[in-house]
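Chemist: Dock chain U against chain G, hints included.
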Amino acid sequence: MKETELFKKLLEASNSSPNKILPSLLNAVSDVFSCKLSSLWKLNNLSKTLSVYARINYYPPPEKAEEYVHSLEGSLIGYLIKQNNKKYFDIPSVLVEPYWGYHKSKKRVIDLELKRLICIPIPNLDNKGNDEYDIDAVLNIYVNDNIAFYDSYAEIIRDQFSIAISRARLFSRENLTRDIIQVYEQKGSKDFSSIIHPIINRVFKNYLSYEGSSFFIWDPFFNRFALSQTTGLVNKPKKSDVFYSVSEGLTGRIAELKKIFIVKDLMNIEDDNFKSEYIHKWQEETAHTGKTFMGIPIMSPSMPQEIIGILRFTNRLNPLAPVIDCFSKEDCDLVNYACNLIALYLEFEQGEKKQTAFAKQMAHEMLAPAVAIRGSADRLLRKWQTKYFTSLQIDEYLRDILEHVSLQVTLTRSVEYMKKGSSDVSKSERYQVNKYDLEKDVLKPCRKLIIPIARNEGLKFDNIIIDGNYPSLFIDNYAFEQVFFNLFNNAIKYRRMGYPQDFKVVVKGEALGEYQVPEDNNHNTNPINKITKKGYLITIEDYGVGIKTEEKDKIFLFGYRMKGIEKTNVRGLGLGLTIIKGILDDFYCTIWVDNLVNPTRFNIFIPETLKNSSYILEPEWKSR
Amino acid sequence: MILWVDDDLSLTLKSFMDELKENGYEIIMVTNPDDISDKFAQYNITGIIMDIMLPTGQSISNEDSKMGILTGLEILKKLKEDKTTSQIPIVIFTILSNQDVSTWARVNNIKLLKKEQTVPLDLLAAVIETQMKKDTND
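Just so you know, the sequences run in chain order G and U. So for the first sequence, numbering that gives the first Met the number 0 puts the first residue at 0; every next one is plus one. So for the second sequence, numbering that gives the first Met the number 0 puts the first residue at 0; every next one is plus one.
Extracted from the complex, chain G is given alone in its bound form (with noise of 0.2 Å):
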């Protein structure tokens, strides 16, 4: 009888909503088995602790903190959990040694005169296998000595309590979404960070209690990760002043590592990778001295390896009292779960901000020689017939005026690759094949092109020197064009500035041979694994600044400038070297970084395959 007792009433409280099925599961226990004292301890897997979810008849102060949160080694559960295949334990009396040594509320037991305690562990249903301990959590109640507890009781309690866990795990994960989702739609027209707000500030902590909160957003301009949003910093320093670049601090080192971090004392990391790392730069204002901390880093839902932002939380507290508790791995699945949804977001609204500042940029490039034109053209048409104008002026007015077209046209032309690399079209509806010399075709157009560019900044475009052996091959010249002018632009815009006479780039062609080629395509300088492939190489060196170390990977990134360049030129959106990569990959071709500096060299390796027309017959060429 007292079975289908107990089952209906659990099965009642588990149908509460999912912030109160623990309180109603508990309940139901406490009532079936008129319990002195029942409470529910969630198991922390990472720290290693116990924290209480839920309790019916008592209700100790904050101050006694233990009885919220405590470690599970020397706990009474620590010790009967380690005890084998136990589905429950029955324990006549907690004031008998081994139970007594290990309770760590002497004092409760004796005050509430506790003695007799049934402890059921409640397996987790989601695990997967990886932590220590498969048990969710664990249910304690005192009874009286005179009650009857049965196996098929602990079974029936353990069977609910894990189902009523998962699903209401799985509620908070929907219901977090569902919030996120209502409170974009509320955004209007607001910026990005206007949602985060109400997500660190309420919504999350619906879910979660914490303390402190604070959301970072990566700011490709300024390479460093600055503050979004926060629930409150100590000092309340002014909000562009709060920023990490990549490894400074707690937060640069989760952005370099890509890692979750959860330790439960801030100060005393056990993990090497952040060890030396402990301090924050900015600290949450937090009631307790912050102590207990997650850090989960957003990744980019198009590009998983890229980071786009850093949520932190400090100080989790206990659900029951404002007592510090320990971050756990089921609070960490659920913010990152939420994460997913911000990071679309993040990345949508960020889309729209590059596409905007590549709009402006662009503009601001096409404009220039527009204005050029336009002057030029508006003088001779006053001057050409007065006698203060000479023949010369006017050569030098028309050259002037052809030169800046030609810069407009290719100019336009690069907006059109950016297009054509991200687009859904088949490379045979993107590119137009034919054949040409590599050199008469594409090199010596290409120079001529970039000599406005080369005069307006005082340079000898002679110094553009191109050297060795070309082949004709079967490509797109305008595409293979761009590439060419995109890495001259780059060798001017780089150069060493106020040494005018030390600009001078080289391109060397070398003939159809085998040679190393990085394997990857990654672009490395010295990259481990090179294959031997049969076609001709070209390098372009150029004794500008150079490429730095550690930024020798990002240089091929969509919208990565050199970190600094603002100082001498503000011009460019960082999208030449990725256009060149997207052109480069479209053939079949590799480029790759040879030498940092003195000279910078990259290497371009064509195959031999485009030394016939044969390769856009292929299906992966008509293919979209």
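Calculated directly from the structure, the hints in this document are not laboratory data. Don't be surprised by glycine CBs; every beta carbon is placed ideally from N, CA and C. Incorrect hints may have been included.
[As the list claims (entries may be wrong)] Chain G stretches covered by chain U per the calculated footprint, using a threshold of three residues with CB under 8 Å from any CB of chain U:
{"id": "1", "segment": "375-383"}
{"id": "2", "segment": "442-455"}
[Claimed, not checked] A few chain G residues that face chain U, going by a derived Cβ cut-off under 7 Å, partial list only:
{"id": "3", "residue": "239"}
{"id": "4", "residue": "363"}
{"id": "5", "residue": "366"}
{"id": "6", "residue": "367"}
{"id": "7", "residue": "370"}
{"id": "8", "residue": "371"}
{"id": "9", "residue": "565"}
{"id": "10", "residue": "566"}
{"id": "11", "residue": "567"}
{"id": "12", "residue": "568"}
{"id": "13", "residue": "569"}
[As the list claims (entries may be wrong)] A few chain U positions that, by computed beta-carbon distances, are all more than 12 Å from chain G:
{"id": "14", "residue": "27"}
{"id": "15", "residue": "41"}
{"id": "16", "residue": "45"}
{"id": "17", "residue": "107"}
{"id": "18", "residue": "125"}
Modeler: For chain U alone, kept in the frame of chain G given last:
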């Protein structure tokens, strides 16, 4: 002497510079804000033509200039705060402007010309209107 701060070097601006020179104005160009104080020390600067999107150099912070997008505006604010330069006539001559720049220009009664809408004669007219001096004591 007119100080022209612009990273579009001589070729793009040739027609505009020729127009000014032809009308008796002397021009000294700088592309980086770090070089401005030297020019004030060397020349009697009687007018300033300022681009907005410029390299930051070491003298303008990335934050204030929004990574160079508003460098020219930061330079102008500094020049206006300095008693020795605050009265020098200014023309903002830039390709892309934004609300911050146009508001600042309006509040400070400074002429703003958009390069893409300007022909050399317009720039000359602005230079004359702001009373930049031709005669110098260099």
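Chemist: Hint by hint, note whether the structure agrees.
Modeler: So, going through the hints one by one against the coordinates:
Counting residues of the segment 375-383 of chain G whose CB falls under 8 Å from any CB of chain U gives 4; the rule of at least 3 is met. Check on the segment 442-455 of chain G: 3 of its residues sit with their Cβ under 8 Å from a Cβ of chain U, so the three-residue criterion for coverage holds. Using the Cβ-Cβ criterion of 7 Å, the hint placing residue 239 of chain G at the interface with chain U is satisfied: the shortest such distance is roughly 6 Å. With its C-beta approaching chain U no nearer than about 5 Å, residue 363 of chain G sits inside the 7 Å limit, and its interface hint holds.
A distance limit of 7 Å between C-beta atoms decides the matter here; for residue 366 of chain G the minimum to chain U is near 5 Å, and the interface restraint holds. At about 6 Å, the closest approach between the beta carbon of residue 367 of chain G and any beta carbon in chain U falls short of 7 Å, and the interface hint on this residue holds. Taken as an interface hint, residue 370 of chain G checks out: its beta carbon lies about 4 Å from the nearest beta carbon of chain U, inside 7 Å. For residue 371 of chain G, the suggested interface contact is upheld, since its CB lies about 4 Å from the closest CB of chain U, less than 7 Å.
Among the interface hints, the one on residue 565 of chain G holds; its C-beta lies about 4 Å from the nearest C-beta in chain U, closer than the 7 Å criterion. Checking residue 566 of chain G against chain U: minimum C-beta separation of about 5 Å stays under 7 Å; hint holds. Satisfaction of the interface hint for residue 567 of chain G is found here, the shortest Cβ-Cβ separation to chain U being roughly 5 Å, below the 7 Å cut-off. Annotation: residue 568 of chain G was flagged as interfacial toward chain U, and the flag holds, the nearest CB pair being 6 Å apart, inside 7 Å.
With its C-beta approaching chain U no nearer than about 3 Å, residue 569 of chain G sits inside the 7 Å limit, and its interface hint holds. Every CB of chain G is more than 12 Å from the CB of residue 27 of chain U (nearest about 15 Å), matching its label as outside the interface. Chain G leaves residue 41 of chain U outside its interface by the beta-carbon criterion, the shortest separation being 17 Å against a cut-off of 12 Å. With a closest Cβ-Cβ approach of about 23 Å to chain G, residue 45 of chain U is found to remain outside the 12 Å limit, as its non-interface label requires.
Every Cβ of chain G is farther than 12 Å from the Cβ of residue 107 of chain U; the closest lies at roughly 23 Å, confirming the non-interface assignment. With a closest Cβ-Cβ approach of about 14 Å to chain G, residue 125 of chain U is found to remain outside the 12 Å limit, as its non-interface label requires.
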